[in-house]
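> Kindly generate the complete structure, drawing on both the sequences and the hints.
2 protein chains.
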Amino acid sequence: MIYMPAALAIIGLIYMWVKRSWVMKQDAGDGKMKEISDHIYEGALAFLKAEYKLLTLFVIGASVALAAIAYFVPTTHYLIIVAFIFGAFFSALAGNMGMKIATQTNVRTTQAARTSLPKALNVSFGGGTVMGLGVAGLAVLGLTGFFILFFNYFMGGEWTNTEQMTIVLETLAGFSLGAESIALFARVGGGIYTKAADVGADLVGKVEAGIPEDDPRNPATIADNVGDNVGDVAGMGADLFGSYVATVLAAMVLGNYIIKDMGGDITSEGFGGIGPILLPMAIAGAGIIISIIGTLLVRIKSNDAKEAEVQKALNIGNWVSIILVAVASYFLVTWMLPANSMTMGFFVGGEEGFEMKTISSLNVFYASLVGIIVGGVISAVTEYYTGLGKKPVMSIVQNSSTGAATNIIAGLSTGMISTFYSILLFAVAIWASYAFAGFYGVALAASAMMATTAMQLAIDAFGPIADNAGGIAEMSEQEPIVRERTDILDSVGNTTAATGKGFAIASAALTSLALFAAYVTFTGIDGINIFKAPVLAMLFVGGMVPVVFSALAMSSVGKAAMQMVREVRRQFKEIPGIMEGTGKPEYDKCVAISTEAALKEMLLPGVITIGFPIVIAFLPRIFGYENMLIAEMLGGYMAGVTVSGVLWAIFQNNAGGAWDNAKKSFEAGVMINGEMTYKGSDAHKAAVTGDTVGDPFKDTSGPSMNILIKLTCLIGLVIAPILGGHTEGDIPNMDETVMVSEGADSKLISKEVKMEKKTEDDFVTAYVVVTRSDNGEEVTETFEFEGAELEVRSKVDEIK
Amino acid sequence: MIYMPAALAIIGLIYMWVKRSWVMKQDAGDGKMKEISDHIYEGALAFLKAEYKLLTLFVIGASVALAAIAYFVPTTHYLIIVAFIFGAFFSALAGNMGMKIATQTNVRTTQAARTSLPKALNVSFGGGTVMGLGVAGLAVLGLTGFFILFFNYFMGGEWTNTEQMTIVLETLAGFSLGAESIALFARVGGGIYTKAADVGADLVGKVEAGIPEDDPRNPATIADNVGDNVGDVAGMGADLFGSYVATVLAAMVLGNYIIKDMGGDITSEGFGGIGPILLPMAIAGAGIIISIIGTLLVRIKSNDAKEAEVQKALNIGNWVSIILVAVASYFLVTWMLPANSMTMGFFVGGEEGFEMKTISSLNVFYASLVGIIVGGVISAVTEYYTGLGKKPVMSIVQNSSTGAATNIIAGLSTGMISTFYSILLFAVAIWASYAFAGFYGVALAASAMMATTAMQLAIDAFGPIADNAGGIAEMSEQEPIVRERTDILDSVGNTTAATGKGFAIASAALTSLALFAAYVTFTGIDGINIFKAPVLAMLFVGGMVPVVFSALAMSSVGKAAMQMVREVRRQFKEIPGIMEGTGKPEYDKCVAISTEAALKEMLLPGVITIGFPIVIAFLPRIFGYENMLIAEMLGGYMAGVTVSGVLWAIFQNNAGGAWDNAKKSFEAGVMINGEMTYKGSDAHKAAVTGDTVGDPFKDTSGPSMNILIKLTCLIGLVIAPILGGHTEGDIPNMDETVMVSEGADSKLISKEVKMEKKTEDDFVTAYVVVTRSDNGEEVTETFEFEGAELEVRSKVDEIK
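Residue numbers (the working numbering), protein chains in the order written: chain F, 42 to 841; chain Y, 42 to 841.
To be clear, the hints were calculated from the coordinates, so they are not data collected in a lab. If you're wondering where the values come from, they're calculated on a predicted model, not measured in any experiment. Just to be clear, a hint being listed does not mean it is correct.
With a cut-off of at most 25 Å between alpha-carbon atoms, the simulated SDA-like pairs for lysine to any residue come out as follows [unchecked claim]: (1) F:Lys347 to F:Trp360; (2) F:Lys247 to Y:Asn714; (3) Y:Lys247 to F:Asp723; (4) Y:Lys726 to F:Ala250; (5) Y:Lys398 to F:Phe664; (6) Y:Lys641 to F:Phe461; (7) Y:Lys600 to F:Asn714; (8) Y:Lys720 to F:Gly417; (9) F:Lys301 to F:Ser382; (10) Y:Lys398 to F:Ala250; (11) Y:Lys720 to F:Glu249; (12) F:Lys600 to Y:Met435; (13) Y:Lys726 to F:Gln439; (14) Y:Lys600 to F:Gly444; (15) F:Lys600 to Y:Gly428; (16) Y:Lys398 to F:Glu249; (17) F:Lys431 to Y:Met603; (18) Y:Lys720 to F:Asp723; (19) F:Lys247 to Y:Lys66; (20) Y:Lys705 to Y:Val248; (21) F:Lys432 to Y:Asn714; (22) F:Lys432 to Y:Val648; (23) Y:Lys398 to F:Lys247; (24) F:Lys247 to Y:Ser442; (25) Y:Lys600 to F:Arg662; (26) Y:Lys726 to F:Gly444; (27) F:Lys431 to Y:Leu645; (28) F:Lys720 to Y:Gly428; (29) Y:Lys726 to F:Glu249; (30) Y:Lys432 to F:Asp723; (31) F:Lys614 to Y:Asn714; (32) F:Lys600 to Y:Lys247.
Rendered as structure tokens:
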């Protein structure tokens, strides 16, 4: 059973490879098309190469830090470094594959659009499918692979006790941390890249020189098209890769906690006694196969299809896969979990504070249903607030008639007010999934929601591919029908981009909650009390960080765009014949500016994200604060970041999306004060201003919030064992004091002592793992002692 | 000693009256000036009248709700209704007095400006002083007066026990709730009023008709000038009145808690055993006298003085009063508190959770110093981010050159990034003041900061008076020198307005923290654990409310401004000769629109503010949640509102202030890309767009956050006793079971039984207060019993 999810992931990857070969076999078009496509491909590779250089340095630095943690914390093993490096590598690999397939599918989509719309959809969605399955497959394969490895390494492939499983999972957290670190680079750097190129290209090209979008004479146009891939494909992919891994990991940690609550051993329940830990992986594995089924349903027949039919095809695939996940969850949950004998600790009111409750496996299924439903509803709410023709967008359109200021106020208001239903939904989701099955329920709600990640990503990645295909059609001067067909796909892609962002926030928020819960169990604190002043202070600081992070990301875009503007202006002035199409623009210079700016500007936000939790974990020690209090402070910080980050993510994404579609509304014409108003009107100009403000909101700072909140909680999780009270100095060398009697038929093979010091003076818990050969058979026993230090020592001595 | 603060408040009010007579004796100018001033005065009165009508309804409704609370909760007495009504009345009275003096000082300032600048400053600051002392005097008088009343009524003017003092303070909370409710109407309604009038007047007058600001031909100009008074004078006054009262109250509640921690009786320490409770009132009283001294120092000599000198005069008054408060705090704290014997419960790490520590009175002084310093530094940070010529504003100016979009992005970034230092300061303030003296220290930090309220308000109110004076000079066509002089005062007033907003946020934030701490002591919960899912869910909901509240306030301004625009357009079209100055605009119609819109649009935000805490307190009961858990949930909500509210207040105020000054920078000309750029340039137009977006930010939604967070915490405080586990049904009628032996020289006068049920089953605490005449002397005794219900009943029976 433990190999099942990995096997399913491999099936997903094989299908991905088959699909990839099919896409690559498609006609890649002729001369000019190929040339442009090659430019985009090379630009994307240039970004990846520069990024990898920086990443390598980062991974080395982080590995050293992890080595220090592993050295000082007995429950953290050096293997965390290996897991971290592979997490980073897998995430980068997924991004690399995604970028490559996206930049190669775009031109094939243009070529296919010369034939028919169904063909173009097939090709572009095929590219998206490759991306989706690549990300999901690598995520599940990596996580389950390392779990199997560590499970065998630390526990010999058999259940021993929850403490050893904690070591397995803490080491596994390295994989998740590696993945999320790459996501920081990809999402934040990608967000800055794409908007710097976009704004720069528009400001000089469209506004100053008066040439259309995607015009090959514009030196920044290749950077702009590369940006779509860097931001929307690689950034989104890394984001969801990180969420996927973190969610499943958090659910596994909480699954281990359930086993602890049930007495520490449920081997009698089957599944090697690790059913609750395997379940989230099984759901993830099933999700991959289900996503394949979903992608197969996405197809249209008519060559004259419009947006609605394409959208419908995508919706069918999406909803079928969501429903199948619900069905699969039901069978997996009732199969793998003890039906009515699970006990969980619940926080309740009153003085006792904590209560053990017995819950049925059906409860866990209900919790996962909560996640699936909330994921769907949040996407719907996002669509309402940002959708074309919906009330909020129409109100922004109306407010454009009185100028840019009223347009801006209306857009900001829309983003702000959109937090109402989204946050209430989250609150209900937390409440309900916890009520059903405790924090394990919350984590499984997130896991079930994330199970369709491959499908979601396929839908998401198809948008920028179609967008690029349109750009290539424009630049290579194809027949208008080609552009019309890619425009239909692009338009649908814009809608899926908005709902995809809703899905990404929802997943990030639930993931963070699950990690937050896992954090508390790792540190061993029994709650986070914000009535303690230092904890409250950290709640404030945590609330502030997303706001400052957003501001930094936004002004980064401004700075990078200004550099781009200067470069484009220079080329227009210095390259002879560039405006007549005889001189060749230096695309690579613009690509280089975006690349360098993205990676440089990303550093400060990155330092804040990683630095704050570390400072909070270590600075108070100087003031003599106890570890348990510091753990609560860090928990308060995490909660502050999560609450504020989710709010600002929703606010910025929805405001940006609404502004974008308010501007687009003018393309078909809108009725303002009884008059049809079109592109070029003053109201349209006001709407363009709003859209420009919204661009960094929805594509840079907004989506970055996802990474910020997840990475903050993950760093907390990795630091957690340090705060849990384990430090090297506290472990007396007890090797010599542990005596295991060796007799004729009983021989000592190995003994290992772990001792952790609790916060109270001289109160210790010691674990002694003894392996011996008994009548030729290998037997492993773990002895646990709790009490005053001297007492424990003497007890440990007694082991015979 | 108990009468001292009230006496100081009365001295302050007498001084106010003297100052008021002096101001009223100043020359009120001639025909046209007087006519315009009368219009403004009447407009202000019209708003007050409409507001009072709505207020009366609200006060009646709230009184009924409070009656219900008093009925069901034994520790809440019916007198809370009286306190509430007087709190509302005093706050309204202070606002009324402030508005009247401000609208009468304005024309006198114009008249004085015809003579000299020092005279004009004297008059306008004199008006501000009247306002400041009126608000502070009434606040201290009302609070201390009711405390004396309740102390005598419930405790006979002598220390009995902390439980009875809790009843006194819970009843006193009604006064604070009344005051803060009025602040909701004044601040939010006022904010909508002033911006609706301002935007409406500008859009049609300046932009469409091309007539200057404050032109008497503009029908909305009177409403605009009334708005300055409604928003900046009455709104700010009510805001600080509420903060002042709430802060002192919270400190008193926590002072009572200290006495409890010290064993419940410290009469041996002098001050009737209520030193820690009296101290915050004493500091407030001293602050009034100190503020009078401060105002006396504000004067300039030279008639040719510029902004810098006027600013310096204000700064001297301000800083002297702040330093004097620090000195006074030192003497009061060391005099009134036990020097080294105070014990306080502190939350610490580890399993015990709670620890009693002994602290010295000097620690409390240090805590109050923290408040004073943070208040000053936050004002300085605010000035940096919004000040003319400072880096952030200059950066917005530079970004205006590339259009409105980049101006908006730069302004938003500035507001967002400005949260960094402000929030870190708060975090340090919470941390440090708590480390010095627990939550009593946090409350005293707030009290010490608020002690200079009278001085702060004098500085604040002087700004809009000068602004109005300039308007009157313009409308009555005075010599240019008059306008020049009022412009100097107005310009200084703009700076003080920004720092005043910083002070108001800081005070609101610290007040909320103090109330938050008081809430926890009232409910009897031992912390707020955000690891409990329902509490975490409420933290999310609380974080969302300020965002939605801000959106509602912003869009209210938009709606009301549109109404105003239509009315002004109508008058321009329909009134013959209006543009030639021969037709008379119907000022009152515009005033009526602003008034009605303000009061109508205020309702929904008001309902959200008041409704959410009530729903959270009662809805979960339907699901069978325990009171203690509900109390934690409400606490989580309060924390969410406070953290998010403070963030959004800083963000909106500073962004708005920075946009405003970026626009103003163009008046003197700014250097952009090596070229001097002035009013009328494209960059200036972009800056005007930013300022229009910033207007509702800094004058409506931003300042409303203060009220939202304070009122939320106050409502929590009033609901707290209900959640503390007291409900009518739990109180057995024990009247007949209490037996007090009556003998020859001992006669029963009255006995009162209070019994509260704790959360554990059948575990009760009963208080029996018996008053009897003993040898002709009246003796009051309180008996307290804790234990199982039956046991307590039998004990109570034993009272002989």
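> Each hint should be assessed against the structure and marked as holding or not.
Evaluation of the provided hints:
For a cut-off of 25 Å, the pair hint linking Lys347 of chain F to Trp360 of chain F stands: about 20 Å separates their Cα positions. Distance restraint check for Lys247 of chain F and Asn714 of chain Y: the Cα-Cα separation of roughly 22 Å lies within the 25 Å cut-off, and the hinted pair is therefore satisfied. Taken as a hint, the Lys247 of chain Y and Asp723 of chain F pair is honoured in the structure, with Cα atoms around 19 Å apart against an allowance of 25 Å. Of the supplied pair hints, the one linking Lys726 of chain Y and Ala250 of chain F holds, its CA atoms being roughly 22 Å apart against a limit of 25 Å.
A hinted pair counts as satisfied when its Cα atoms are at most 25 Å apart, and Lys398 of chain Y with Phe664 of chain F qualifies at roughly 17 Å. Restraint check: the Cα-Cα separation between Lys641 of chain Y and Phe461 of chain F comes to about 21 Å, which is no more than 25 Å; the hinted pair holds. Of the supplied pair hints, the one linking Lys600 of chain Y and Asn714 of chain F holds, its CA atoms being roughly 15 Å apart against a limit of 25 Å. Distance restraint check for Lys720 of chain Y and Gly417 of chain F: the Cα-Cα separation of roughly 51 Å exceeds the 25 Å cut-off, and the hinted pair is therefore not satisfied.
Between Lys301 of chain F and Ser382 of chain F the CA atoms are separated by roughly 13 Å; this keeps the pair inside 25 Å, and the hint holds. Restraint check: the Cα-Cα separation between Lys398 of chain Y and Ala250 of chain F comes to about 72 Å, which exceeds 25 Å; the hinted pair is violated. With a C-alpha separation of about 24 Å, the suggested pairing of Lys720 of chain Y with Glu249 of chain F holds against the 25 Å cut-off. Distance check on the hinted pair: Lys600 of chain F and Met435 of chain Y sit about 15 Å apart at the alpha-carbon level, within 25 Å; holds.
Distance check on the hinted pair: Lys726 of chain Y and Gln439 of chain F sit about 21 Å apart at the alpha-carbon level, within 25 Å; holds. Restraint check: the Cα-Cα separation between Lys600 of chain Y and Gly444 of chain F comes to about 15 Å, which is no more than 25 Å; the hinted pair holds. Annotation: proposed proximity of Lys600 of chain F to Gly428 of chain Y holds, straight-line Cα distance about 23 Å (limit 25 Å). Between Lys398 of chain Y and Glu249 of chain F, the direct Cα distance comes to roughly 69 Å. Violation of the 25 Å bound is thereby established for this hinted pair.
For a cut-off of 25 Å, the pair hint linking Lys431 of chain F to Met603 of chain Y stands: about 22 Å separates their Cα positions. Taken as a hint, the Lys720 of chain Y and Asp723 of chain F pair is honoured in the structure, with Cα atoms around 22 Å apart against an allowance of 25 Å. Simply put, Lys247 of chain F and Lys66 of chain Y have alpha-carbon atoms about 65 Å apart, too far for the 25 Å limit, and the pair is violated. A distance of roughly 17 Å separates the Cα atoms of Lys705 of chain Y and Val248 of chain Y; the hinted pair therefore holds under the 25 Å criterion.
Taking the CA atoms of Lys432 of chain F and Asn714 of chain Y, the gap is about 42 Å. The hint is violated against a cut of 25 Å. For the hint linking Lys432 of chain F to Val648 of chain Y, the alpha-carbon distance of about 24 Å falls within 25 Å, and the restraint holds. At most 25 Å may separate the alpha-carbon atoms for a hinted pair to count; Lys398 of chain Y and Lys247 of chain F exceed this at roughly 69 Å. Under the criterion of a C-alpha separation no larger than 25 Å, the hint pairing Lys247 of chain F with Ser442 of chain Y is consistent with the structure, at around 17 Å.
The hinted pair formed by Lys600 of chain Y and Arg662 of chain F fails the criterion: a straight-line CA distance of about 53 Å is larger than 25 Å. Restraint check for Lys726 of chain Y and Gly444 of chain F: satisfied, since their Cα atoms lie roughly 11 Å apart, inside the 25 Å limit. Proximity of Lys431 of chain F to Leu645 of chain Y is assessed by CA-CA distance (about 23 Å); at most 25 Å being required, the pair is judged to hold. With a C-alpha separation of about 39 Å, the suggested pairing of Lys720 of chain F with Gly428 of chain Y is violated against the 25 Å cut-off.
For the hint pairing Lys726 of chain Y with Glu249 of chain F, the CA-to-CA distance comes to about 19 Å; that is within 25 Å, so the pair holds. Proximity of Lys432 of chain Y to Asp723 of chain F is assessed by CA-CA distance (about 33 Å); at most 25 Å being required, the pair is judged violated. A C-alpha spacing of about 19 Å is found between Lys614 of chain F and Asn714 of chain Y, which places the hinted pair at or below 25 Å, so the restraint holds. With a CA separation close to 34 Å, the supplied pair Lys600 of chain F and Lys247 of chain Y exceeds the 25 Å bound.
The earlier numbered hints that this structure contradicts are 8, 10, 16, 19, 21, 23, 25, 28, 30 and 32.
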